[in-house]
Amino acid sequence: MAARAEPFAYRLWRYDGAPGELIPLLQSAQDHFGYIPRRAIKYISEVTRIPESTIYGVITFYSQFRLQPMGKHVVRVCDGTACHVSGAKMLIDTVQDELGIEVGDTTEDGLFTLFTVACLGCCSLAPVMMLNDETHGRLTAAAVRKLLRAYRRREAQQTTVPAAAGVPDSRG
Amino acid sequence: MKKLVVGMGTCGLSAGARQVYEKVAELVRLHPDDAELQITGCIGMCYREPLVEVREGGRRIIYGDVTPERAEEIFTRHIIGSEVIDEYVAYRLDPDGTPGGTELEFMVPQQRIVLRNCGTIDPESLAEYEEAGGYQGARQALGEMTPEGIIEQIKASGLRGRGGAGFPTGLKWSFAAKNPGTIKYVVCNADEGDPGAFMDRSVLEGDPHAVLEGMVICARAIGARYGYIYCRAEYPLAIKRLTIALEAARKRGCLGEDIFGTGFDFDIKIKQGAGAFVCGEETALFASIEGERGMPRIRPPFPAEKGLWQKPTNNNNVETYANVPWIIVQGAQAYADYGTEKSRGTKVFALAGKVLRGGLAEVPMGTTIHDLVYKIGGGIKEGREFKAVQMGGPSGGCIPRELSDTPVDFESIPQTGAIMGSGGMVVLDDSTCMVEMARFFLDFTQKESCGKCTFCRIGTLRMLEILERITKGEGQAEDVERLGQLANQIKEASLCGLGQTAPNPVLTTLKYYGHEYEAHIHEHVCPAKSCEALVDFFIDADKCVGCTLCAKNCPVDAIAGKPKEVHIIDNEKCVKCSRCITSCNYGAVYKN
Ligand SMILES: Cc1cc2nc3c(=O)[nH]c(=O)nc-3n(C[C@H](O)[C@H](O)[C@H](O)COP(=O)(O)O)c2cc1C
Ligand code: FES
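The listed protein sequences derive, respectively, from chains A and B. According to the numbering used here, the first sequence is numbered sequentially starting from 1. According to the numbering used here, the second sequence is numbered sequentially starting from 173.
Derived from the structure by calculation, the hints contain no laboratory data. Honestly, I wouldn't trust all of these hints.
To be verified - Pulled a few chain A residues facing chain B out of the computed Cβ check, cut under 8 Å: (1) G57; (2) Q64; (3) L67; (4) G80; (5) T94; (6) V117; (7) L120; (8) G137.
Only a predicted model underlies this, so the values are computations on that prediction, with no experimental measurement involved. Backbone N, C-alpha and C define an ideal beta-carbon position, used for all residues, glycine too.
Excised from the complex, chain B in its bound form (with noise of 0.2 Å):
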């Protein structure tokens, strides 16, 4: 029998899986003897989302771009018919491992390690994912492997922490192993703050059991057991699917008491974040479960001496704990093959932005910047200029495109000012300002600034400010000079890693495009035309059909034109209040 499978990660459902969902269902309600309806999470192609996928004997067709209406005509000639839809297929693996498909480009490069059964098993089902191979790391590690054992193999295997540090996860391991106290706790971090990553997420909601099996054997290295994991309120999704994975975990005994009958007690609570980014700071977290106000701590001393009510602790990223068991079952070794000398494995980047094909890839350390954006991106959406690609979020920088061979690893991407971060990559193009992009970073760290060091607390204001008027073009000539002080000294002074890298997409866009500063102080203008104070609105005659709903809209009565005829603003009178874009339907206003 053939199975429907429906990817139902947030991505998919944003596009409108659910419908397709309900259509897909009822569908295999009238024929029940023809197809087995089933949810997958994220397979990482979420620009060809909603995407159904049809499996038997050991054959995959993934379509892409699928309506209710898509679905249909799947059913009738793909599941009743037999007959393969090729003009929807985006990719497709036959039963030798042949793949096929218009999105090649996109999922051959890929090394999935991470994302190993993302977008391939029901992430709600248990039993699937032990068929996978699942709860076999576990296994091992709580049978015939010492602690000891453990964080060898993960010391040798070379996985660097994927939380934006890259501290050696072994290490970090045995610190809190060594640590001689009777209470320990496991904690995950899956805040998941940086806007623009979204890797943790598709774990959690495509694979939870892999990142609870990681745990355990965390767990187990350590000696702790209690765990937590440490999610953020806006994933509802992840945190339904993570609560079903407990329940499963709790009950098939590979969590709670008495684990696979080793004597090994572990289990795990989920607490939900509030909406502080801040709180993705692991000291700053630990505060936050303990129900106070999110504001990190001074370390050391650090975590494994004393972290979540002050006992030794073992933190790290979701996409950390999901490698571990993977590393455990194929020996550290076959890890440590993929990616370069010092960043060994893959890594899992989340492409958005401008890019044609947005979503995750999963690509061996190393892999250069041009290769992700080009290759597996496919390059910038409507045939426009690739201008720099920001990573790291509001702690990194935008490194250009004249250092897109840049490999992307933890020592080379410090290089160029930016941060490896947790692997969320926006790609920007020639419409995108790069001092308006550091006013927005910035405004972000002010407003997430817990206000505990008046560096950070009053210095980004400062720097905010300074931003502000130059987008308004009423910067200063001193301003430049002005920026780069503030930036030194908050970066010297401040607490955590927060204030500490705040000043970073400053930094960088001043290095890099330092004369788009000097055009909007000194000439008034916004190279990229994106910066609204310095420019003007105009109206496209082409795709203008007289509507009149954008002079209807303008509270200035800026523009004028009559029913069925082309408008026309009077730049001297408008506002720049962008009513008449936001209220047109055809697209026709814009920006020069």
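Chain A on its own, in the form it takes in the complex (with noise of 0.2 Å):
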């Protein structure tokens, strides 16, 4: 994202002992290695000087952070006030259905992890999910399924193109 869009590396090179760079330089980290492993830890607080227990804190306390690996592709399925009085649940329980998986867990081939959020902006959209970057509003059971298919196929494709190289398909 823009304002964090300099690499990790760069931005722990860079970093001249200024104030309040610590929860820039997670997210950078969280940013490029996809979740925030020890050794990124690590490098920060030999650069920062902050100790370890101070950043891993500090990681914590704040939900964005991840110290697992996530999926692929990031399901969040808002469950804010206007979205609940909406229907969260059924997406919540479809999301979950769809997946085999539980709110927090990757699924195992490891293409999709599942969160909720309190509120995504969209309320008068209810109800709203996000996948990756992307906001859908007014979503039914049957349109979330859909789209998570739609993934999974396009998923599927990808990696069996060499094999099946010469078959066409119309879908892109």
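With the hints as a guide, dock the two chains, each given alone in a separate frame, to form the complex.
Take a look at the structure:
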């Protein structure tokens, strides 16, 4: 994302002891690795001289930071007030059922991770869910299944394309 | 030449504006002499998104519910054929200012000050902002006005903070200005944590320069050199537009060193939140900017004395800052002419939930709940009955239908037990269970409690446990009394606003919907037929097509039926997992 587009290594290198850099460093580590691995905590601690335990404390305070790798696609179902009264539970149940995982988990094939969030700021189109960086509104159970299956299909195609080369497919 | 404007706020995008934009872009490439393409933010009519506007010679025609196919039709008939397609027009403004279209009731009662440019200008273009009068206020403030003069103007306008507490903005600025420190900060709270509120997002996405300009004026008034915008991570588009705006403003000399050649220096950094509701509380927000766990600090000292990095700091909400340039240019009196005696000006409300027209509406303070829900909001969806509005998010409460004549302002709303909050209004209908609503909010505050003080950390958990058992039909006779007791203790003893207000949703629902609590506890009935443990599941024979999906998905074989025949649920066997509801493509399964 724009505000922290600089790569992690560059940010670490550029660190000049300015205060308040810890969270942006963690954010860029997470952008780089997809989560915050043990070694990233170590690098940050060495450069900033902030104890690893303090860094760990900051990481666990904020819900954005992950200590485990996430799936390739991140599903965030909104469970804010407006979505809650407009069927968020039905959406969450549907995604759990479709992917076979609970909230907070990642599918075995590493494709999807499911989270809930409290409001995506799109309340007038409730119920809402975010798939990676895209927000989808006015969802129904059927629409969610369709959306997730389209992603699944695309992934399957990408991995089988070499084997099935030459088989024309109308879907891009 | 005609201008084609596509609404590209988050709401538009999630309704499919990207596909529409791509279609329109392709058509404009094919016919470059017929139309120019532009993007804009959210105009507030989220319920009609995606929106496409055709502008020509001062006339604006806004089409609603546009699909790529409809966009093509609009292009052929309106852009090329110059024919207005009346049946698709959501709103129109003729050059003489006469409005029209199907959404008159939504648009006409509004007074757009904060949203003056949202949905009109291209938020990624500084030139358009300036053309609309942008940075005039800052030029005036940095040019002929003294810092005292600016603060006097803001005081006289009666502007009060839009972040929730409604503290008089001019007075707040005067505190920070009076402090002798050489280093001071201007902070903008763009954390917008209340679920159900999205006005700050819309302003940031639709008119980012208005916020920057407000901050520049504030910096001049209090004598600050640096500013921060703390924006929540869930708003990637807002962060992107802010970043673009900052760069453009620096290049143009509206920000940075020697602004407008006046010798005044001020620059702004964006800090991205990391997902913690409590960071909306200003002292926790400072801790988070400083790179720490976002835990609130004890006040006093107040931010005006010791805020960010222990320096004098002024913190305001996005909407508060967006008002400022308008007040400087139009004058304090023009602003004070709107609203009520103690709550001046206008307020943006985010209408969501079961209301027919969900979106953003800016109206003078003191407009009644009834007018917002019925006139602007168009009443309740699916012809159901209006039950309550939830205001103020997790710190607020539910205001019942009987009190719909309450004017919405900083004096009247707290009398109902709710709070103004940031302006989110979630409309509830008769299918919403108020006990479950209270449980939902306690679940939220309990998770978001930072853990620093015991009353909030443990007290909210105890309340949540009680509410959970009530919604499961396992409530005990003394539970209502226990809730009341806990609520008062948590209110009294918590450190910050999060804990002090966390019991409000429970207190207001107990006050107005005590009978629902009683029904759950004593009769094991959920009057709104919402709590799963207390209802049975049924299949609507008129909607069921016999696709067998529900039966296949049922984990306990509680659904019987042959293919192409209506299915039936055996409620003796049913474990109420809701998988039949989520698997049905026809919406045939319901609870009763
Ligand atoms: C738990 C909690 C959450 C808050 N969240 C926000 C928020 O998301 N946005 C906001 O502007 N103010 C929020 N506030 C209020 C701020 O502490 C502060 O009063 C406000 O930003 C001041 O700006 P104003 O004077 O312009 O209203 C919150 C307060 C509390 C106690
Ligand atoms: S409540 Fe879901 S987007 Fe706001």
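Each hint, compared with the structure:
no., hint, in the structure
1, G57, "6 Å, holds"
2, Q64, "4 Å, holds"
3, L67, "14 Å, violated"
4, G80, "3 Å, holds"
5, T94, "4 Å, holds"
6, V117, "6 Å, holds"
7, L120, "6 Å, holds"
8, G137, "4 Å, holds"
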